[in-house]
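Number of protein chains: 2
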Amino acid sequence: MLSSNQRKLITQLSKKKYRISNKLFVVEGKKVVNELIASSWPFQNLFTTEDNFHPDAEKLSLEEMKKITHFKTPSPVLGVFILPEVQKLLVEPITIALDGVSDPGNLGTIIRLCDWFGLSELICSKTTVDCYNPKVIQASMGSITRVRCYYVEDLGVTLTALQKPIYGATAKGDSIYTAKLPKEATYIFGSESHGISAYLSNHLNGELAIPQFRKGSSMAESLNVANASAIFLSELFRSS
Amino acid sequence: MLSSNQRKLITQLSKKKYRISNKLFVVEGKKVVNELIASSWPFQNLFTTEDNFHPDAEKLSLEEMKKITHFKTPSPVLGVFILPEVQKLLVEPITIALDGVSDPGNLGTIIRLCDWFGLSELICSKTTVDCYNPKVIQASMGSITRVRCYYVEDLGVTLTALQKPIYGATAKGDSIYTAKLPKEATYIFGSESHGISAYLSNHLNGELAIPQFRKGSSMAESLNVANASAIFLSELFRSS
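Protein chains in written order, with our numbering: chain A, 1 to 240; chain B, 1 to 240.
Some hints could be false.
Residues of chain B placed beyond 12 Å of chain A at every Cβ, according to the derived structure [as the list claims (entries may be wrong)]: (1) M1; (2) S3; (3) S201.
Straight line, CA to CA, 25 Å or less: simulated SDA-like cross-link-like pairs of lysine to any residue [as the list claims (entries may be wrong)]: (4) K164(B) - H203(B); (5) K172(B) - T145(A); (6) K72(A) - M65(B); (7) K23(A) - P93(A); (8) K31(A) - K164(B).
It should be emphasised that the hints constitute simulated quantities derived from the structure, not laboratory data.
Given the structure is predicted, the values throughout are model-derived calculations rather than measurements.
By construction, the Cβ of each residue, glycine as well, lies at the ideal position given by its N, Cα and C atoms.
Input sequences plus hints: build the corresponding full structure.
In structure tokens, the structure reads:
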């Protein structure tokens, strides 16, 4: 049985300000909740409509679950997890940074990509969607347990302090297929609608692009940012 | 001023069966509607909340637009376009086929990817989400005007008839970074949750995989299907 306070809190946790003030976030879906538990991520509550999901889980009716889900269709499992403390930067040889990526699905799949290619950190501008947004968590498919998003006030200052060359993914850059892609460097991807901000552009040591193969007067303007990141990461790691 | 019949029809067009019975589909967003008009795609109606969008556009109030949009937030432009007749297969050297991709955002960005790499056709199983779904159109960002989705009853039969080797993207396949990737071949991507169907697996001449770079006991199970397609397409075209 869900108390009205619990219900109110869980509903509020769809918003970043309540996640921060309560130091909690919500994860839905059996697979992702299980991954967080397996990674020893501390939780406050587990709710389930199933029997025998977890000894600490509270059983809810489907009606109760519908009242707290952040999605149109509830999952059989919802967990309230503790927001981690901000830690120090890890600084791996290859750093991926995001400047204003706003779509939760894009951030989630970029986290999943970083995980696939063995990266454990993603540096994000404050203008990038919060990684504890329920849709980001869902799209990350558990990779949030292995890839930490590190949010910074000023990407230009933080990335310059890493003392590695900084490359931006832009429409007009050199082809990633022919340019040298250093294995100790930072690669930045910009927002879905505006690309890399004008301010951050001044901090770049170079610009790189995925060349377009269609010829003609009518062609695509850009690739989806997660797909562009996928191609960059593949190109960076394929020969390493 | 919108008639109640128009309103009812546009709302119904969110469903595939009404798109087919009316031979119409809805496109929202100025950029995508403009791309369809520029490609001479025939339309039945254009609606806009703006002045001077197009000589044939009917002006609507924001309130009226809110009643017909298929999204949470209406765009300033909504067009009702004519569903094209099914044409013959184009058969390009490289064929991309989708077996049960169900997420509209994934199909939309895969269409955008095919466009980027110069492909004009995507062969889809009947179990793949309809390409005239409003969310697919939106995610394709106008690439639907250059990449046609060809839906087939039986992917196994259609792809075998192309008389090219058929490769499936699977978790256990050979690394795309070391395997030979023929430039005349079909590459299949399976559904988000189940991969390539057991039936279609019997038609494969080979299996290919994107190797995972993270080492350890805990790792990602898979990549998002659109990101996997991005990496495959990049690998296929990078040296062509």
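Hints versus structure:
1. No Cβ of chain A approaches the Cβ of M1(B) within 12 Å, the least distance being about 32 Å, so the stated non-interface status holds.
2. The claim that S3(B) is not at the interface with chain A holds, since no C-beta of that chain comes within 12 Å of its own (minimum 30 Å).
3. Listed as a non-interface residue, S201(B) keeps its Cβ farther than 12 Å from every Cβ of chain A; the least gap is roughly 23 Å.
4. At roughly 11 Å between alpha-carbon atoms, K164(B) and H203(B) fall within 25 Å of each other, so this suggested pair holds.
5. Using a Cα cut-off of 25 Å, the hinted pair K172(B) and T145(A) holds, with the two alpha carbons roughly 24 Å apart.
6. Of the supplied pair hints, the one linking K72(A) and M65(B) holds, its CA atoms being roughly 23 Å apart against a limit of 25 Å.
7. Straight-line distance between C-alpha atoms of K23(A) and P93(A) comes to about 31 Å, which puts the hinted pair past the 25 Å bound.
8. Proximity of K31(A) to K164(B) is assessed by CA-CA distance (about 38 Å); at most 25 Å being required, the pair is judged violated.
Going through the hint list in order, the structure does not satisfy hints 7, 8.
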